[in-house]
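Each chain, written out:
2 protein chains.
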Amino acid sequence: MSVLVVGSVAFDTIRTPFGTATGVLGGSANYFSVAASFFTDVRLVAVVGEDFPEEHLEFLRRRGVDLRGLQRVPGKTFRWVGEYGFDFNEAKTLDTQLNVFADFAPKIPEDFRESEVVFLANIDPDLQRDVLRQVRRPALVAADTMNYWIARKPDALRQTLSMVDALVINDAETRQLANEQSLVRAARTIQAWGPRILIVKRGEYGALLCADGEWFSAPALPLESVQDPTGAGDCFAGGAVGYLASRMQFDVAHLRQAMIVGSVMASFNVEAFSLDRLRTLTMAEIEARFATFRRLVHFDDLAVRPGAVR
Amino acid sequence: MSVLVVGSVAFDTIRTPFGTATGVLGGSANYFSVAASFFTDVRLVAVVGEDFPEEHLEFLRRRGVDLRGLQRVPGKTFRWVGEYGFDFNEAKTLDTQLNVFADFAPKIPEDFRESEVVFLANIDPDLQRDVLRQVRRPALVAADTMNYWIARKPDALRQTLSMVDALVINDAETRQLANEQSLVRAARTIQAWGPRILIVKRGEYGALLCADGEWFSAPALPLESVQDPTGAGDCFAGGAVGYLASRMQFDVAHLRQAMIVGSVMASFNVEAFSLDRLRTLTMAEIEARFATFRRLVHFDDLAVRPGAVR
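Going down the list, the protein sequences come from chains A and B.
Residue numbers for the first sequence follow the working numbering, beginning at 1 and rising by one.
Residue numbers for the second sequence follow the working numbering, beginning at 311 and rising by one.
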């Protein structure tokens, strides 16, 4: 089955206490596409400028990403400059040059309109709805958003949410969106607006799923060395949504597995700058790390010997 | 089996966005004792002033806590005033009156010196070592500490750590203690100083265990309403160490269970101010919530049908 993703493709410049990467491949749709491509066919809709090099396109093609929806227009590609301190949970944006992304109007190619699964990466909620108007009855629509849209376009965002099955969002933004400190109550509020599935990303603390009245907690793997957290959330979404598209089952049992697949992809991605770790990643490594996540949370039931626990 | 705990007993005044509690029962040793008392015999060594009321003593006695090590001296009991904003992971201390706690010199009653398990709550590391000099060959020594001692008494703390089997500490303090951003590397550094077992508390994000080269991630339960996070870490330690004392097995399988028992006790404690939730808690409720934690992290293995995941 195939996933349609609409979002940004960018050049990132990233500074961390451990190093700097300049003008590397980035953007939400890009991270999502590459992560999802390990599990399903991916159709990318985004925009780049004339400066976008063939080598990046070739990398995406090699990963099986269908680029017929990638518009190339006069001008420069979106550029983002960000910095992380020792707290890798929060990026400080130093510079944003929207360039060709400023006038992005997603146009879904005819062949993409029957996509079974749609992922709306973090773009203007009005554009997210534009995409949904162009597709025909996807089985699952998932979307990301961020504080910028929550603060500036709350009504447009609410309209989008009413058309979305799954919202993927970080924890501070969950609280901000629902205007509610308790995540349990925030989930209830947001789900009443539309999304049956709420996925709360928590950076180095993992992610939470709330769906059909059940909660699931996905851990993050303690890592020896995190090089660059950029794109971790989009790789998480790409792994999770890509896995769901490969199964086309959206019950809680499959959602739980998808949360772990997403966590696996994010855990690899942060091990190197940009998408570099995913360039060499193999399915055997993914399966081995899935097993590592299983051991990470395994515990035995309490023995029911009378008197053992009083 | 029995646990000896040495730490503070206090009157707390707590302000949260949802309410205030004035002069309620608090203190690390107190929270620990009550939580541990659900699983094992508890021996409390602490100091209170002349103002400490009989009703609190009666509550502890009813929970089976042996109070022969509780010194009552002239003066006032330790008082702490703290405030939480919407971020319940961090308390702001508004006032601390050490009172009789300023001159606390733990004296372990003869009958307590054979205790199999010892928990050194967050007190001066010199006092923690004083306690260890007074006990005979405990099977497990666990200790807590905090940023105050890490900054002011690093050498004394290192000496204490060399005598400790398990360190229970929050995540910012783990990084501060090891002077290392990566928790994986920080764990390695700290374990080289003595503790075989490192337990990293992460507030609403749960807790991590590192022991014998394995990591275990315990989730926190998303709660409808958190009233008061005070004492959550000590209740976690009380549940975990109390459970271990009930089994007297300290292998990783039992440590994993202990992490969940601790998480269960912390999850109950935060549902009401002070220790109030634990006053009415039953073992049936503890077992039911243990099962809830199991469901919270449960996920199925990836099916191994060829082609299902490519």
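Don't read these hints as lab results, they were simulated from the structure.
Please note that a few of the clues may not be correct.
Stated by the list, open to error - Listing some non-contacts, in silico: residues in chain B with all C-beta distances to chain A over 10 Å:
| no. | residue |
| --- | --- |
| 1 | Ala331 |
| 2 | Thr332 |
| 3 | Arg446 |
| 4 | Gln491 |
| 5 | Ser492 |
| 6 | Ala497 |
| 7 | Ala502 |
| 8 | Glu534 |
| 9 | Ser535 |
| 10 | Gln567 |
| 11 | Glu597 |
| 12 | Arg604 |
| 13 | Asp610 |
| 14 | Asp611 |
Stated by the list, open to error - Here are some, though not all, of the chain B residues that point toward chain A, as calculated from beta-carbon distances under 7 Å:
| no. | residue |
| --- | --- |
| 15 | Met456 |
| 16 | Pro529 |
| 17 | Leu606 |
As the list claims (entries may be wrong) - Listed next, with one range per pair, are the computed distances between beta-carbon atoms:
| no. | chain 1 | residue 1 | chain 2 | residue 2 | range |
| --- | --- | --- | --- | --- | --- |
| 18 | B | Thr403 | A | Asp212 | 37 to 43 Å |
| 19 | B | Ala601 | A | Arg61 | 36 to 42 Å |
| 20 | B | Leu533 | A | Arg62 | 43 to 49 Å |
| 21 | A | Arg152 | B | Asp561 | 51 to 57 Å |
From the three backbone atoms N, C-alpha and C, an ideal C-beta is built for every residue, glycine too.
Cβ distance range 43 to 49 Å for B/Leu533 and A/Arg62, holds or violated = Taking Cβ atoms as reference, B/Leu533 and A/Arg62 lie about 46 Å apart, which means the hint holds.
Just tell me: holds or violated, for the beta carbon distance of B/Thr403 and A/Asp212 against 37 to 43 Å?
-> This hint holds: roughly 42 Å between Cβ atoms.
Far enough from chain A: is every CB of that chain over 10 Å from the CB of B/Thr332?
-> Given that every Cβ of chain A is farther than 10 Å from that of B/Thr332, nearest at about 23 Å, it holds.
Is the nearest CB of chain A more than 10 Å from the CB of B/Arg446?
-> With a cut-off of 10 Å, B/Arg446 remains clear of chain A, as the shortest Cβ separation is near 26 Å.
Assertion that B/Ser535 lies outside the chain A interface [Cβ separation over 10 Å] | Check fails; 6 Å does not lie beyond 10 Å.
Could one say that the CB atoms of B/Ala601 and A/Arg61 fall in the range 36 to 42 Å?
-> 49 Å, violated
Whether B/Asp611 stays farther than 10 Å from all C-beta atoms of chain A, as the label says | 7 Å, violated
Distance restraint evaluation - A/Arg152, B/Asp561, Cβ atoms, bounds 51 to 57 Å | With Cβ atoms ~54 Å apart, the hint holds.
10 Å cut-off, C-beta based - B/Gln491 kept clear of every residue in chain A = The claim breaks: B/Gln491 does not keep its Cβ more than 10 Å from every Cβ of chain A (closest is about 5 Å).
Under 7 Å, Cβ to Cβ, is where B/Pro529 needs to be relative to chain A, so tell me if that hint holds or is violated.
-> 4 Å, holds
Looking at B/Ala497 again, its CB stays over 10 Å from all of chain A?
-> 8 Å, violated
For B/Glu597, is the shortest beta carbon distance to chain A beyond 10 Å?
-> Violated, since 7 Å does not exceed 10 Å.
The structure shown violates the earlier hints numbered 4, 5, 6, 8, 9, 10, 11, 12, 13, 14, 15, 19.
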